[in-house]
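**Q** Sequence:
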Amino acid sequence: MAFNAMWKPGPQAVAGMQGNGSASPALVIYLDPDSLAILPPSDPAAWPEFIRLLRQIRDSADELAVFLDKHKAVRDDDARPQ
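Count along the sequence shown starting at 1, add 128, and that's the number in this note's numbering.
Once the Cα atoms are required to be at most 20 Å apart in a straight line, the calculated SDA-like pairs of lysine to any residue come out as:
{"hint": "1", "residue 1": "K136", "residue 2": "A165"}
{"hint": "2", "residue 1": "K200", "residue 2": "S188"}
{"hint": "3", "residue 1": "K200", "residue 2": "D190"}
{"hint": "4", "residue 1": "K136", "residue 2": "V156"}
{"hint": "5", "residue 1": "K198", "residue 2": "R186"}
{"hint": "6", "residue 1": "K136", "residue 2": "E191"}
{"hint": "7", "residue 1": "K136", "residue 2": "L159"}
{"hint": "8", "residue 1": "K136", "residue 2": "A189"}
{"hint": "9", "residue 1": "K136", "residue 2": "D197"}
{"hint": "10", "residue 1": "K136", "residue 2": "I185"}
{"hint": "11", "residue 1": "K136", "residue 2": "L192"}
{"hint": "12", "residue 1": "K200", "residue 2": "P137"}
{"hint": "13", "residue 1": "K136", "residue 2": "V194"}
{"hint": "14", "residue 1": "K136", "residue 2": "H199"}
Across the chosen pairs, the derived CB separations fall in these ranges:
{"hint": "15", "residue 1": "G138", "residue 2": "E177", "range": "28 to 36 Å"}
{"hint": "16", "residue 1": "D190", "residue 2": "P139", "range": "18 to 26 Å"}
{"hint": "17", "residue 1": "P169", "residue 2": "A201", "range": "37 to 45 Å"}
{"hint": "18", "residue 1": "N148", "residue 2": "A201", "range": "31 to 39 Å"}
The set of hints was computed from the structure by calculation and includes no laboratory data.
For clarity, every value in this text was computed on a predicted model and none was experimentally measured.
Positions of the beta carbon are idealized from the N, C-alpha and C atoms, including for glycine.
Could you build the full structure based on these sequences and the hints that come with them?
**A** Here is the structure:
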């Protein structure tokens, strides 16, 4: 897997669904200052693969959060005075 661009979120970064209930829903990630919008395909026949991608993003984000939580705890322990 190759990456063409890397974004590092700023302190005001947030993510959420935009257009809930509208004809143009999207997953939007405000990276502070950049933004990324992930839009579903216009053809509903392609939605199953898009749904698979969204679930992969969700699961991968959860894995990364668990990993960072574990390593944060280790770093917090290392930073405590003996």
